[in-house]
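Novice: Starting from the given sequences, assemble the full structure and let the hints guide the process.
Those protein sequence lines, which keep their order, are chains A and B. The numbering of the first sequence is our numbering, which starts it at 29 and goes up by one. The numbering of the second sequence is our numbering, which starts it at 187 and goes up by one.
Certain hints may be false.
[As the list claims (entries may be wrong)] Under the rule of at most 25 Å between Cα atoms (straight-line distance), these lysine to any residue pairs were calculated in the SDA-like manner:
| # | chain 1 | residue 1 | chain 2 | residue 2 |
| --- | --- | --- | --- | --- |
| 1 | A | Lys196 | B | Ser248 |
| 2 | A | Lys132 | B | Lys277 |
| 3 | A | Lys181 | A | Ala53 |
| 4 | A | Lys180 | A | Gly158 |
| 5 | A | Lys196 | B | Thr375 |
| 6 | A | Lys159 | A | Lys196 |
| 7 | A | Lys196 | B | Gly226 |
| 8 | A | Lys205 | A | Gly236 |
| 9 | A | Lys196 | B | Phe376 |
| 10 | A | Lys132 | B | Gly377 |
| 11 | A | Lys196 | B | Tyr315 |
| 12 | A | Lys196 | B | Leu225 |
| 13 | B | Lys277 | B | Leu350 |
| 14 | B | Lys277 | B | Leu340 |
| 15 | A | Lys132 | B | Glu316 |
| 16 | A | Lys132 | B | Leu225 |
| 17 | A | Lys196 | B | Leu340 |
| 18 | A | Lys196 | B | Leu370 |
| 19 | A | Lys196 | B | Leu350 |
| 20 | A | Lys132 | B | Leu340 |
| 21 | A | Lys132 | B | Gly226 |
| 22 | A | Lys132 | B | Leu350 |
| 23 | A | Lys181 | A | Thr245 |
| 24 | A | Lys196 | B | Val319 |
| 25 | A | Lys196 | B | Lys277 |
[Said to hold, decoys possible] From chain B, some residues computed to sit far from chain A (all C-beta separations above 10 Å):
| # | residue |
| --- | --- |
| 26 | Gln267 |
| 27 | Ala282 |
| 28 | Lys336 |
Quick caveat, the hints were computed from the structure, so don't treat them as lab data. Computed from a predicted structure; not experimentally measured. Glycine is no exception: its CB is placed at the ideal position from the N, C-alpha and C atoms.
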Amino acid sequence: MKRPGPLLTLLAGLVLAAFLLTLNATTGTRSASSSYQEQSPSPAPVRSSQASPTPAPTPSRSGAADADYAGRTDDDAAAIAVSVRGGRAIAYFCDGRTRESWLKGDVEDDGTLRLTGEHGAKLEGTLEDGKGIDGTVEVDGTRHAFAADRAKKPSGLWRATATVRSAKIDGGWIVLKDGSQVGVVTRDGEPSPAPRIDPETGAVTVDGQRLTARPVTP
Amino acid sequence: MTVDPNAATQGFPGPGPAPRGPRPARYLVPALVAAAVALGLGAYGRVHDPAGTAFNLAGFSSTGAVKSWLASAAMLLALAQPVSALMLYGKLPGPAWAGGLHRWSGRAAFLIAVPVAVHCLYALGWQTYETRVMWHSVLGCFFFGAFSAKMLLLRWERLPGWLLPLVGGLVFAVLTVVWLTSALWFFRTFGVTT
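Specialist: What follows is the structure, given as C-alpha cells:
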C-alpha cells in the first residue's frame, strides 16, 4: 500500500471510461427510442393481429426462423435485403449507384429488428411471421420505408470481397424475386455500380478479375 | 524488549501482503489483472453489438478524426515516457523533475487514450476482417491489460531491476503499433483532416 498514484491513475481511467460509456448508452437509447416511437403506431396493430394465430410462447428461434428477405424501399430508390440466422440479422441497403450500407444486429423475441451500420445507419423492422419484413431504414440521414419478402435462392443477399491490384474491393448484391439485381462495388472506399453476378454460381468479373460472390449470413 | 513481529520494519518498507504472501503473488496479481482486463475488453468488443456511432466532438468532421487526433496526442505524450524513464534510471542527463514528467505524461496519455478505446469498443467492437484491423483489435485490448499490470507493479517495492523497464517498454511498443494501425492509417487514407 505504498504508492496510491498508479492505482489512482487506473481508477481515474476506469471512471472516465464508465462515464463515457453511460454517455454513449443514454444518448444512444434516447435517439433509438424516439425514432422507434415514430413508427410504433403502424407496426403495433399488425403485430397483434399476426401474433394471435401463432401461440405466444414460441418466440425468437421459431418466430425469427432462419431466412432471407429481399425487397425495395417504398419510394423505389433502393433495394434492401436481410439475412436472419439464429436470432441475428445482417442487412444490406443499396441503391445500385453510390449509396450502400451494411447493417447488423439482433432479432428480438417478438420479431423486431433493430440493426445498425456505419455512419449512423439504422434499420428498424418487424418480421411478419416469417413471410417478410416491414420497417424503415435510415442511411446517410434519409429514411426510407421498405417491405422485403421472403427470398428463395438465388434471390437474396450476396457479397464478394477481394484485393485486386492492391485495391480493396467490397461488392454487395441484392438479387430480387424477379431476377433483377442491385449492387454496389466499393474500391478502396469509392462506391460505384456493380457488374451483374451470375445468380447460380455467384461468379462476377470486377476490373478484369474473376470473383465469387457468396450468400451472406450474419 | 520484545519485538512485535507485525511491526513495520524500518530500512526497507515492505509491502503489505509480501511478508505473508509468497513472492510469486507479486507478479501473479498484476499478470492476472492484465489478462482479465485484456480479455474483458476483447470479450466486450466481441459480444456487444457495435453501435456504429458514438458521441462526436464539435469541430471535427468525423469520429475517426477525433479518435486519430486524440490517439496522436496520447502517442506524443507517450514519447516522453522512454526519454524520462532513461533520465530516471540515470542513463540520460535529466532535470530533477524527470520523475514528475514521467508520471504526468503517462497519466495524461492514458487518460486521453481511454475515450479512444471506449469509442472503438462501443462503436466498432472486435473486428478481424483485415490484418491491420485484427492486430489493432488484439493489441488495443492487450495495451490496457499491459498498462494495468505496469501500474500495479509500480506499487511493489524491490522488483527485479529489469522488470519495470521491460513491461514499460512493452506498453510503449504496443501503443506504438496500435497508433500505427489506426491514427497513422487514418491520416494516410483520409488525409490529415480535423
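Novice: Does each hint fit the structure? Answer for all of them.
Specialist: Quick rundown of the hints versus the structure:
1. Restraint check for Lys196 of chain A and Ser248 of chain B: satisfied, since their Cα atoms lie roughly 22 Å apart, inside the 25 Å limit.
2. Restraint check: the Cα-Cα separation between Lys132 of chain A and Lys277 of chain B comes to about 53 Å, which exceeds 25 Å; the hinted pair is violated.
3. About 38 Å separates the Cα atoms of Lys181 of chain A and Ala53 of chain A, which puts this hinted pair outside 25 Å; it is violated.
4. Simply put, Lys180 of chain A and Gly158 of chain A have alpha-carbon atoms about 13 Å apart, close enough for the 25 Å limit, and the pair holds.
5. This hinted pair checks out: Lys196 of chain A and Thr375 of chain B have alpha carbons roughly 13 Å apart, not beyond 25 Å.
6. For the proposed pair Lys159 of chain A and Lys196 of chain A, the alpha carbon gap of about 36 Å is over 25 Å, so the pair is violated.
7. With a C-alpha separation of about 32 Å, the suggested pair Lys196 of chain A and Gly226 of chain B falls outside the 25 Å cut-off, and the hint is violated.
8. Among the hinted pairs, Lys205 of chain A with Gly236 of chain A is inconsistent with the structure: their alpha-carbon atoms are about 28 Å apart, more than 25 Å.
9. Only pairs whose Cα atoms come within 25 Å are accepted, and Lys196 of chain A paired with Phe376 of chain B is accepted, the gap being roughly 15 Å.
10. Simply put, Lys132 of chain A and Gly377 of chain B have alpha-carbon atoms about 29 Å apart, too far for the 25 Å limit, and the pair is violated.
11. Under the criterion of a C-alpha separation no larger than 25 Å, the hint pairing Lys196 of chain A with Tyr315 of chain B is consistent with the structure, at around 12 Å.
12. Under the criterion of a C-alpha separation no larger than 25 Å, the hint pairing Lys196 of chain A with Leu225 of chain B is inconsistent with the structure, at around 30 Å.
13. Of the supplied pair hints, the one linking Lys277 of chain B and Leu350 of chain B holds, its CA atoms being roughly 15 Å apart against a limit of 25 Å.
14. With a C-alpha separation of about 20 Å, the suggested pairing of Lys277 of chain B with Leu340 of chain B holds against the 25 Å cut-off.
15. For the proposed pair Lys132 of chain A and Glu316 of chain B, the alpha carbon gap of about 19 Å is at most 25 Å, so the pair holds.
16. Distance check on the hinted pair: Lys132 of chain A and Leu225 of chain B sit about 24 Å apart at the alpha-carbon level, within 25 Å; holds.
17. Annotation: proposed proximity of Lys196 of chain A to Leu340 of chain B is violated, straight-line Cα distance about 45 Å (limit 25 Å).
18. At most 25 Å may separate the alpha-carbon atoms for a hinted pair to count; Lys196 of chain A and Leu370 of chain B meet this at roughly 18 Å.
19. Between Lys196 of chain A and Leu350 of chain B, the direct Cα distance comes to roughly 42 Å. Violation of the 25 Å bound is thereby established for this hinted pair.
20. With a C-alpha separation of about 43 Å, the suggested pairing of Lys132 of chain A with Leu340 of chain B is violated against the 25 Å cut-off.
21. In summary, the hint linking Lys132 of chain A to Gly226 of chain B is supported, as the alpha carbons are separated by about 22 Å, within the 25 Å threshold.
22. As the CA atoms of Lys132 of chain A and Leu350 of chain B are separated by approximately 43 Å, the hinted pair breaks the 25 Å bound.
23. Between Lys181 of chain A and Thr245 of chain A the alpha-carbon distance is near 13 Å, which keeps this suggested pair within the 25 Å criterion.
24. Pair hint Lys196 of chain A plus Val319 of chain B holds up; C-alpha atoms about 14 Å apart against a cutoff of 25 Å.
25. For the hint linking Lys196 of chain A to Lys277 of chain B, the alpha-carbon distance of about 46 Å lies beyond 25 Å, and the restraint is violated.
26. Every Cβ of chain A is farther than 10 Å from the Cβ of Gln267 of chain B; the closest lies at roughly 13 Å, confirming the non-interface assignment.
27. Distance check on Ala282 of chain B: its Cβ is at least 18 Å (rounded) from any Cβ of chain A, clearing the 10 Å threshold; non-interface status holds.
28. Not every CB of chain A lies more than 10 Å from the CB of Lys336 of chain B, the least distance being 8 Å, so the non-interface label is violated.
In the structure shown, a violation is registered for the earlier hints numbered 2, 3, 6, 7, 8, 10, 12, 17, 19, 20, 22, 25, 28, in ascending order.
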